[in-house]
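A.B. asks: Residues per chain are reported as follows:
Protein chains: 4
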Amino acid sequence: MLDNRILITDGKKFRRVYDLTSLKKVQLPTGEIDGEKLKKLQKGSAIMVNNRKYYIFGCDLYDYIMYDLKRHTQIVYPKEAAYIMVKLDISPGKRVGEAGTGSGALTAFLSRAVGKDGRVYTYEKREEFVHIAQKNLSRCKEFDNVTFYNKSIEEGIEEKDLDAFFLDVREPWEVLPQVREALKPSGNLGILVPTTNQVSQVIEGLENNNFFILEATEIIMREFKINAQRLRPKDIMVGHTGYLIFGKKVVDNHN
Amino acid sequence: MLDNRILITDGKKFRRVYDLTSLKKVQLPTGEIDGEKLKKLQKGSAIMVNNRKYYIFGCDLYDYIMYDLKRHTQIVYPKEAAYIMVKLDISPGKRVGEAGTGSGALTAFLSRAVGKDGRVYTYEKREEFVHIAQKNLSRCKEFDNVTFYNKSIEEGIEEKDLDAFFLDVREPWEVLPQVREALKPSGNLGILVPTTNQVSQVIEGLENNNFFILEATEIIMREFKINAQRLRPKDIMVGHTGYLIFGKKVVDNHN
Amino acid sequence: MLDNRILITDGKKFRRVYDLTSLKKVQLPTGEIDGEKLKKLQKGSAIMVNNRKYYIFGCDLYDYIMYDLKRHTQIVYPKEAAYIMVKLDISPGKRVGEAGTGSGALTAFLSRAVGKDGRVYTYEKREEFVHIAQKNLSRCKEFDNVTFYNKSIEEGIEEKDLDAFFLDVREPWEVLPQVREALKPSGNLGILVPTTNQVSQVIEGLENNNFFILEATEIIMREFKINAQRLRPKDIMVGHTGYLIFGKKVVDNHN
Amino acid sequence: MLDNRILITDGKKFRRVYDLTSLKKVQLPTGEIDGEKLKKLQKGSAIMVNNRKYYIFGCDLYDYIMYDLKRHTQIVYPKEAAYIMVKLDISPGKRVGEAGTGSGALTAFLSRAVGKDGRVYTYEKREEFVHIAQKNLSRCKEFDNVTFYNKSIEEGIEEKDLDAFFLDVREPWEVLPQVREALKPSGNLGILVPTTNQVSQVIEGLENNNFFILEATEIIMREFKINAQRLRPKDIMVGHTGYLIFGKKVVDNHN
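Protein chains in written order, with this note's numbering: chain A, 65 to 319; chain B, 65 to 319; chain C, 65 to 319; chain D, 65 to 319.
Fair warning: there could be bad hints in the mix.
The list makes no distinction among identical chains, and a pair is therefore deemed to hold if it is satisfied within one copy or across any two copies.
[What the hints assert, rightly or not] Distance condition first, Cα-Cα at most 30 Å in a straight line; then the derived DSSO-like pairs of lysine-lysine:
| id | residue 1 | residue 2 |
| --- | --- | --- |
| 1 | K89 | K298 |
| 2 | K76 | K143 |
| 3 | K101 | K224 |
| 4 | K298 | K143 |
| 5 | K248 | K117 |
| 6 | K104 | K76 |
| 7 | K205 | K298 |
| 8 | K224 | K107 |
| 9 | K289 | K104 |
| 10 | K103 | K248 |
| 11 | K143 | K101 |
| 12 | K104 | K189 |
| 13 | K224 | K103 |
| 14 | K189 | K107 |
| 15 | K88 | K189 |
| 16 | K101 | K205 |
| 17 | K215 | K180 |
Read the hints as simulated data drawn from the structure, not as lab findings.
Please read all numbers here as calculations on a predicted model, not as lab measurements.
Extracted from the complex, chain A is given alone in its bound form (with noise of 0.2 Å):
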């Protein structure tokens, strides 16, 4: 939960987050609310504004990342994060790298998986999007264990011995070699590419550069309607955010 944020909802389309520091009044579908009134309920409450009603939760990351995060570009979703996170054995006191940037969205689950014992070090190439992604983590407090760089791994890594490595880069084979040199041995890697030409290319260069591969998997959601005497998937579902592939470390064999 980010402490200083809440979620309000009308359970249907309607979901934002607000920063409780700076409200003043609140423009809500059917009207307007008094940021005052909002500061003193509990969060769990449920208000009526015109007719109809509306809750106030705390923000979860994933309400964060989903309902308040600035995006200048396509983030990795919580689906793919979540997996991304597990396969990559993340955990309190890793340090772990990533490539891009982006709007932040991965960075701020690996900085809160990593904890304070752990470091994320990630790196962008665009300026702009540096920019963005320390603002979108700025925000909060828990996310100050992530050192941003605006530099391309092309020109290498400045980290040695991370524990795990994230590639949500155009042409992740480029750089291949430069991850290899900042993992420790054994350490996982992950790469997140949206097209099956780009997945063919990743497993060439994985064998290449002597990468074991455990998987190339995608992940589905299929969401249901909420409706207990008439259950059925939604109608619309999304097709397809990406192919994630994962691989480790192989040690070279110098005997």
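Place chains B, C and D on chain A using the hints.
C.D. replies: Positioned in the frame of chain A, the structure of chains B, C and D alone reads:
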């Protein structure tokens, strides 16, 4: 990474986890290898044993759950466990409840994610499963933040103000009042059930117990064959594991 | 191919079917084109209209159903219609029943597949839908092998010894005795329902009415973007249309 | 229904097709049954053989393809065959081409759908497959509208002005000029390939050979367990059969 364990794989069907502390001899599909020799090998090494190549990797939590855990029940698989942790907003320092413990697979994921400043309280009514889960989690020191109860939560939950709760029981709708009591306002609830009939009953139960329903969903993983030149999904895939329903505790309004 | 009709498309969003017999002027997204000119064009031609390319194709039954049929109901989509015809073993000369008619989409598929030596008997209790379906199918001579009834099959089915029957009604389990009466022994039954609750009730109904259940399934279509260099599934897809259940009439055993 | 054949099933794993004309004794999982007795039973009957119930049904084309066809190749499965017939607009009287014949599964579906006024021309370069397919289709008189060629279509297609063509060969992009020659203007083309690399090459080939691309798609079938009270998809499903690409012949423009 679970420090005292290694994963050995041939990159094909063979994937097994070994405990380094008690390792004498390791029987591989193509021959035997000495435990002392294995301990000296760097993680990430590849070795040849009678013309087959084996990789020695560190043991991630994923590997431990999938290839080493003693299972006497259907476990919560990593693809669901990952998303559960994101939707329940599990992070370092949180206090989380769970029923039933089963073999302890999700318990291990939760334990790791809340870290040494958090705590997991897990309930299981079948005594033999409590023992299995305790044994499964006793192997790694990082899981010592778990409290095990041999008890059905129908009789009540000891804790109050929990950040989140997860239910993996046959009739979760029967214990929603107890879960409400244990959760803090706006606290997150996750439920896993295998059948559509149960999804309908869970939705009704949540509506009757003043939970806000966030989503009902399923997570489908579609793996690819690792073949850059002939890329295609695997011929056979897991068709179904379970449905996930997530909600938040709404505060009762007595005014 | 429906001889009196053409499909015009720009290969993007624009796909429309036109009746050649009554064509004066055709309004396309980028301009107008004369009907007489269109009639002289060979099917398969491409023409430029104000810098956009349009293709003039013959009108397949698929195009007619998807882009021309007047719909006042949810139709049976081609992906389901196709599989229904295979599982019901529809072929030239067969006699097939259907309830309800709806907009006549499946009726058209069945009509074409049984051909001039076969016959389709279709029942619909709502009068306005009968008129719509009749009008939809009156446009093409090949559909003159259809008998329309404005009647619920709860009141009975006129035919006996039908080769197959298809049910697309709200409570199919209520009319299974009537369908049994109309089907020949070993005859095929197909049922389409949108919700899981209905699937459960259909299964119970089939078991109680001495039908052998072949399968309960859903058919999911996942389209790709047409881009050879950046191949990937479409971002958004149809998440759900309906569930299909197929069975066979078992003969009652009185000896 | 293939008149000289029956399907016997116990509703579980056992599903087998028998030729009634040559039936002496039938060996079932729980015992033997006399062929003469079987012939006298009405289709749709259920019989007990040593405490297990067996159902005697007519043999649909689906059953013939799935449980009786001699296969020496990967066949086109009914879920794809069904959709292919709809997208190629196959109907009574049409003239359709196919390469390669393989075991003749799709050939049988096409043959039945074009009926006695239509014709299927099927090409296969491997002689042994031609023999297998001919034998497979010789069993039923309704398939006598098929012309078999033991020949690769790289050497040309004998027919002109075909209504539709289907390609199930390893490198379909190599024979698109020949298929263009054989198809009538606006004629339909369908292609099945198992890998994404091939989909990319097919798309390029169609673009270079002046075909309009209708869609590239895959059809996923998700079966449920037949259990009304505990409804859920099957644990294991077919993960992938192939990708389908459909196009139409565009007329070359020489003015």
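A.B. asks: Which of the stated hints cannot be reconciled with the structure, identified by number in ascending sequence?
C.D. replies: Per hint list: 1, 7, 9, 11, 12, 14 and 15 violated.
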